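Enquirer: First to last, the sequence lines map onto chains A and B. Mapping to the numbering used here: the first sequence position 262 is 262, numbers consecutive. Mapping to the numbering used here: the second sequence position 252 is 252, numbers consecutive.
Watch out, some of these pointers could steer you wrong.
For identical chains, the list gives no copy identity; a pair is met inside one copy or between any two copies.
To be verified - Result set (DSBU-like, lysine-lysine): computed pairs, CA atoms no more than 35 angstroms apart in a straight line:
| hint | residue 1 | residue 2 |
| --- | --- | --- |
| 1 | Lys-11 | Lys-137 |
| 2 | Lys-191 | Lys-254 |
| 3 | Lys-11 | Lys-310 |
| 4 | Lys-191 | Lys-102 |
| 5 | Lys-221 | Lys-191 |
| 6 | Lys-310 | Lys-9 |
| 7 | Lys-298 | Lys-102 |
| 8 | Lys-310 | Lys-254 |
| 9 | Lys-295 | Lys-309 |
| 10 | Lys-45 | Lys-221 |
| 11 | Lys-254 | Lys-41 |
| 12 | Lys-254 | Lys-298 |
| 13 | Lys-309 | Lys-102 |
| 14 | Lys-191 | Lys-225 |
| 15 | Lys-254 | Lys-309 |
| 16 | Lys-41 | Lys-137 |
None of these hints come from the bench; they were simulated from the model. Bear in mind the structure is a predicted one, so any value in this text is a computation, not a measurement.
Number of protein chains: 2
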Amino acid sequence: MKLLDLYSKMKSDLNVIERELEQSITSDHALLSEASLHLLKAGGKRIRPVFVLLAGKFGDYRLDVLQRVAVTLELIHMASLVHDDVIDDADTRRGQLTVKSKWDNRIAMYTGDYIYAKALTIVTELNNPSIHQILSKAIVEMCIGEMEQIRDFFNTEQTVRNYLLRIRRKTALLIAISCQLGAIAADSDRKHALSLYRFGYNVGMAFQIRDDLLDICGTEKQIGKPPGSDIRQGNITLPVLLALRDPVIHQELKQEINRIRESDGQADASRALHLIRGSHGIDEAEQMAARYIDKAIKALEELPGLPAKKNLMDIAHFVAKRNY
Amino acid sequence: MKLLDLYSKMKSDLNVIERELEQSITSDHALLSEASLHLLKAGGKRIRPVFVLLAGKFGDYRLDVLQRVAVTLELIHMASLVHDDVIDDADTRRGQLTVKSKWDNRIAMYTGDYIYAKALTIVTELNNPSIHQILSKAIVEMCIGEMEQIRDFFNTEQTVRNYLLRIRRKTALLIAISCQLGAIAADSDRKHALSLYRFGYNVGMAFQIRDDLLDICGTEKQIGKPPGSDIRQGNITLPVLLALRDPVIHQELKQEINRIRESDGQADASRALHLIRGSHGIDEAEQMAARYIDKAIKALEELPGLPAKKNLMDIAHFVAKRNY
């Protein structure tokens with residue numbers, strides 16, 4: 001099944017979630033609602049809600065319960081984006097002005113805080129402390145990941161392992177618990193919830209590697225922002241680290257990155273992008289993403305043969321190849 | 001009983017909380033731990049933990065349960081301070097460099113996020129969803145309060161009611177739920193938990209009004225930062241609003257505030273402070289604080305005559321008069 005077909009099959013449930021998302025951030029404070037809605041309307045793939053719903057199929061699928069988990073996870077993702085944009089000094093996200101650029105950093109910080117808190121009020125309505133625990137621990141890890149990203153800005157000496165640990169915290173964990181919490185909220189088998197966690201974790205790792213590849217190889221039209229944004233803000237990603245291993249370009253690429261750092265991200269990144277694109281870094285990063293996808297699909301093996309299992313596989317294959 | 005005697009009587013339990021606070025923010029990320037500990041070591045009155053413990057006396061006082069609530073509330077308070085300092089562009093707090101000034105705004109934002117999240121992991125270990133609910137709703141309100149403060153910066157036309165609603169969200173609510181959650185965690189009578197909530201709410205209102213008065217009438221030594229900080233950053237507080245009602249100084253005070261606004265808070269605030277100090281605004285604000293204290297003490301009436309009741313009264317009286 002193509003991804004579009006899957007979304008259309010899930011449309012009525014996803015519509016419910018979309019409505020709940022909108023309602024959840026309509027507060028009695030005009031500016032907060034406006035800033036939050038601006039972000040919501042900018043869209044997104046809603047991949048976390050999709051995972052929650054599909055994971056819920058492996059248990060007692062109740063939309064009224066699952067929607068709370070789905071809305072919470074999407075809100076947490078949104079809140080982290082708002083705070084990211086402050087840090088990254090990003091002016092556009094998904095082709096739209098960011099909150100920090102449309103308003104200012106202060107508004108963006110409190111909008112993020114507000115969306116985080118709102119997410120928690122929704123999930124705490126489910127009287128399931130173990131869901132609350134898993135979620136709050138994941139947010140802690142996400143924050144640590146964000147701090148690691150700042151620490152590692154422009155650090156060309158960092159290891160690949162370092163990068164992998166960082167994206168684990170920054171991205172993979174939230175996708176992993178989207179799958180896990182969907183299963184838990186549906187009272188599915190404990191073993192299934194763990195398999196789904198592993199699936200989500202590996203898809204999440206591949207998803208982020210693919211995202212980092214797109215920032216180097218994609219066009220502005222594909223990715224909704226100018227390519228090379230990562231490198232300009234100092235975020236040294238997998239393809240860059242792998243490209244730096246090539247002795248022929250190592251010195252020049254390092255110099256280019258230093259030049260960008262010294263210009264506070266204002267310098268042109270096209271030479272650096274050219275060097276990375278021409279290196280083995282692209283292929284090798286793609287291979288690593290593919291290996292994570294293999295592991296994700298393997299994690300599904302022990303799950304019962306429901307249609308949702310096939311859907312999850314389709315998404316994994318899509319993530320491996322996506323170019324937007 | 002003097003406040004110092006009360007602290008010394010509670011010393012062993014407060015020490016446990018201090019240790020837990022420290023442990024809770026010692027993460028595997030050096031910079032996060034350092035920034036969080038910096039804030040923790042700067043001290044503070046730990047008034048929220050004190051309220052949690054005293055409220056717990058009206059039920060089944062179990063330190064292992066109450067300490068989680070106390071640590072969570074103090075961490076949430078700390079997290080909000082870190083984010084406040086970003087917004088306020090504050091360089092010192094309690095006479096110490098702020099996180100945003102010692103490191104930078106990005107570090108401060110994620111340190112705040114991290115401390116918030118850490119707080120939630122601690123409280124979710126208590127398998128009591130109603131505590132999680134009350135807490136997450138209070139954080140939402142706090143965020144709205146912070147946004148209102150930004151919206152109202154330098155607005156000399158705002159009403160006193162506006163100010164009161166804002167400090168309710170920004171300060172009083174968290175103190176109110178400190179009392180309420182202490183009682184709930186100790187399985188105390190539902191009616192007692194509500195009385196304690198009302199007590200905390202009214203003390204919290206008085207506490208903030210007193211804080212705002214100190215920023216105008218206190219010395220740098222008393223308050224750990226230069227007086228007039230509020231006005232320089234645009235935070236128009238109760239004494240200012242009341243002073244603006246005086247037709248004799250209205251025009252000049254408004255002009256002074258506008259001058260400070262136009263200078264981006266760089267202009268000298270001493271003339272504005274002088275005008276406010278000489279107005280009826282000080283007395284009237286003090287009277288309002290005193291009325292909240294009266295209401296707080298009245299809220300205690302229906303509670304059983306335990307020593308903790310007397311302690312709460314003593315704290316309320318102290319808040320009414322504190323000058324640090």
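Enquirer: Against each hint, give a clear statement of whether it holds in the structure.
Expert: Going through the hints against the structure:
1. In this assembly of identical chains, the alpha carbons of Lys-11 and Lys-137 lie at most 35 angstroms apart whether taken from the same copy (31 angstroms) or from different copies (31 angstroms).
2. In this assembly of identical chains, Lys-191 and Lys-254 lie within 35 angstroms of each other by CA distance neither inside one copy nor across copies; the values are 46 angstroms within and 67 angstroms between.
3. Only within a single protomer do Lys-11 and Lys-310 lie at most 35 angstroms apart by alpha-carbon distance; the minimum there is 17 angstroms, versus 60 angstroms between protomers.
4. Taking the closest pair of Cα atoms, Lys-191 and Lys-102 never come within 35 angstroms of each other, the shortest separation being 45 angstroms inside a single copy and 47 angstroms across copies.
5. Within a single copy, Lys-221 and Lys-191 get their C-alpha atoms no closer than 42 angstroms, and across copies no closer than 60 angstroms, so neither meets the 35 angstroms cut-off.
6. In the homo-oligomer, the alpha carbons of Lys-310 and Lys-9 lie at most 35 angstroms apart inside one protomer (13 angstroms), although the nearest pairing across protomers, at 64 angstroms, exceeds that limit.
7. For a Cα distance limit of 35 angstroms, the shortest separation of Lys-298 from Lys-102 qualifies neither inside one copy, at 44 angstroms, nor across copies, at 47 angstroms.
8. With identical chains, the CA atoms of Lys-310 and Lys-254 are never at most 35 angstroms apart, being 44 angstroms at best within one copy and 67 angstroms at best between copies.
9. In this homomeric assembly, Lys-295 and Lys-309 come within 35 angstroms of each other (Cα to Cα) only inside a single copy, at 14 angstroms, whereas the closest approach across copies is 60 angstroms.
10. In this homomeric assembly, Lys-45 and Lys-221 come within 35 angstroms of each other (Cα to Cα) only inside a single copy, at 16 angstroms, whereas the closest approach across copies is 54 angstroms.
11. For the homomeric pair Lys-254 and Lys-41, neither the shortest alpha-carbon distance inside one copy (39 angstroms) nor that between copies (40 angstroms) is at most 35 angstroms.
12. Taking the shortest alpha-carbon separations for Lys-254 and Lys-298, neither the intra-copy value of 38 angstroms nor the inter-copy value of 69 angstroms comes in at or below 35 angstroms.
13. Proximity of Lys-309 and Lys-102 under a CA criterion of 35 angstroms is satisfied in neither setting, with 41 angstroms inside one chain copy and 50 angstroms between copies.
14. Taking identical chains as interchangeable, the C-alpha atoms of Lys-191 and Lys-225 are never at most 35 angstroms apart, the minima being 40 angstroms within one chain and 56 angstroms between chains.
15. For the identical chains of this complex, Lys-254 and Lys-309 are neighbours neither inside a copy (44 angstroms) nor across copies (66 angstroms), given an alpha-carbon limit of 35 angstroms.
16. Within a single copy, Lys-41 and Lys-137 get their C-alpha atoms as close as 28 angstroms, and across copies as close as 24 angstroms, so both meet the 35 angstroms cut-off.
Taken one by one, the earlier hints fail for this structure at numbers 2, 4, 5, 7, 8, 11, 12, 13, 14 and 15, listed in ascending order.
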